[in-house]
Amino acid sequence: MNTPQTRRSFLGKLWFLLGGVALAEAFWLAGDFLRPRNRRTRRGTPSSIIVAGPVERFETGTVTAFREGKFYLARLDDGGFLALHRECTHLGCTVPWRQDEGRFVCPCHASSFDIHGDVLSAPAPRPLDLFSVRIENGIVKVDTTSPLKRNVFDASQVARP
Amino acid sequence: MAGIVTRIWRSIFTRPIKVEGERDQRRAVREWLALHARPVRVRESTLPFTHTFGLGGMSMVLVILLMATGVLLMLAYEPTPATAYRSIEALQQDYLFGGLVRNVHHWSANLLVAVALLHMLRTLVTGGFHGLRRFNWVIGLSLLAGILAANFSGYLLPWDQLSYWAVTICTGMLGYIPLAGPWLQGLMRSGQEIGASTLVMYYAFHTTVIPVTVLVFMAFHFWRVRKAGGVVDPVPPDPDSDAQPGYVSTLPNLLMRELAVGLALVAAVLVFSVLVEAPLAGPANPGMSPNPAKAPWYFLGFQELQLHFDPLFSILIVPILGAVFFLAIPYIRYAPELSGPWFLSPTGRKTAAIAAIAGAVATTAMVLVDELWLHSISDSVAPVLLRGLLPLAIICAGIAGFRFYLVRRHSPAGAEQVQAMAVLLLSCLVTLTIIGVWFRGAGMALVWPWQI
Ligand code: FES
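Residue numbers (our numbering), protein chains in the order written: chain A, 1000 to 1160; chain B, 449 to 900.
Read the hints as simulated data drawn from the structure, not as lab findings.
Every residue, glycine too, gets a C-beta built ideally from N, C-alpha and C.
Errors might be hidden in some of the hints.
Which chain A residues stay away from chain B? Per the calculated CB distances, all over 12 Å, these [claimed, not checked]:
1. T1005
2. L1017
3. G1018
4. L1022
5. V1054
6. L1075
7. D1077
8. T1088
9. D1153
Here are some of the chain A residues that sit facing chain B, going by a computed Cβ distance under 8 Å [said to hold, decoys possible]:
10. L1033
11. P1035
12. R1036
13. T1059
14. V1062
15. R1066
16. G1091
17. W1096
18. P1106
19. C1107
20. H1108
21. A1109
Work out the full structure, taking the sequences as your base and the hints as a guide.
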């Protein structure tokens, strides 16, 4: 059975296999180099938490922009807080707050959102993403590690002092 | 002394440089490396400029211009968010003709997209995808994809408001692809959002992998043309007649024409680049989106589609259907396999013209109807159905009906039908792009071009 013929074909197959393994390794390597790396710090570490300030500083019905954290801190009429990611959920433009109209209007394709981040007009498919807000000893803190997706606004998302 | 110089010279150029008489010319083509990619003789009937408009050769000239200017730009450019924009400003101020070099690179890149598309159109309507050329059509489409990838990756590099937001929007579209979307978006942005790692990745690909791939595919493309016996013959030899097709030697007949076209093109690009500056907006500001924020022009047709279809359809299904159709063109069975003169025949010319007009008119009409009427009634009602399946079904039915009409009315051959369908789709794409470029103003509302 062990003729040179079969041995040769076995070795040939082995070469093929080795070549395949080498190729897979090369792809694995390239894949890892291309893998997005989260350069931001991990959840809960001090630098990802932004101290917004004492509760009294924010009047009800206003929206304050935080540039470094890339979010808006909205104080609702009932005194609750929401931290809204400033990225439009349509294609990712930055939405400015219009105090006179009382809503966010995206410059790119004219989506608009109310103070809760809820969609007032399409094409945006879902409300603005949220960052979690904690209020400790009357100080508002926002964890900007990663934005939370949601489908509608509901009262449980609001942080109250 | 003179002896050694001659010996070195002879060792490099094994044949005399001076070409005299037809035999020398043929030998030169056969034995010079640079000319080896060409056949020794070509059909005389393929020579007229209006048969190919030299579009393939023009693409190659533009690629050479891009590589030359690209290397110069690499010497001045710094791929980090903090320095990229400033390095472009420095390039324009402190380097000899730095601005001009950037302009040539910018305009050649944009022109290359247009020329490559026209080249594809020319190949399509002269039937240059049968038999031996079948796979070369696929290589050509891959080259088009490579050119688009090069353009898009280069678009980010100036790191100005235009590039930052265009790339944000285009990668934002990827997020809508079901299942793989978020992963793909992360890959294309190299992270959650566009930043330092995105810029480095785009720079690396733009300057290495993409151009090298394009070069390799170009060589492959040319070689296949050579193997197929040069470009399609506009006057295919008549099997019934004894008349021998007329051949002439490549040097000087073809090469001198190509040289003339190439030089004229370089001159045109230079003059244009002297007169028109490449756009450069303010430095990228992630906190403020410009209004409107548009993709680069070659993707604006897709962005326009976005405004009318559910994302699943505009980003995935419609582009895939289009790509499959264009890839399938050479693999459809044709009887007979028509090729040669532009639009194949008088019937082909008529049907193609009708298709082009129909595509433009129907697209404009659909955009207007959707924008002015449907938008107001269809908000938030089952988007996949109302803004996806239903319009797609209507459009497919419309295309089928149009084809039925053509067959009934003008009885085109199979090749002419496929040609008409391809022209129809291209006309739709061009119309969408024109609307996106010139008729979309603030908030992507429909406006007149002079109101933008
Ligand atoms: S990105 Fe905001 S509406 Fe399109």
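Determine which of the earlier numbered hints do not hold for this structure and return their numbers in increasing order.
8, 13, 14 and 17
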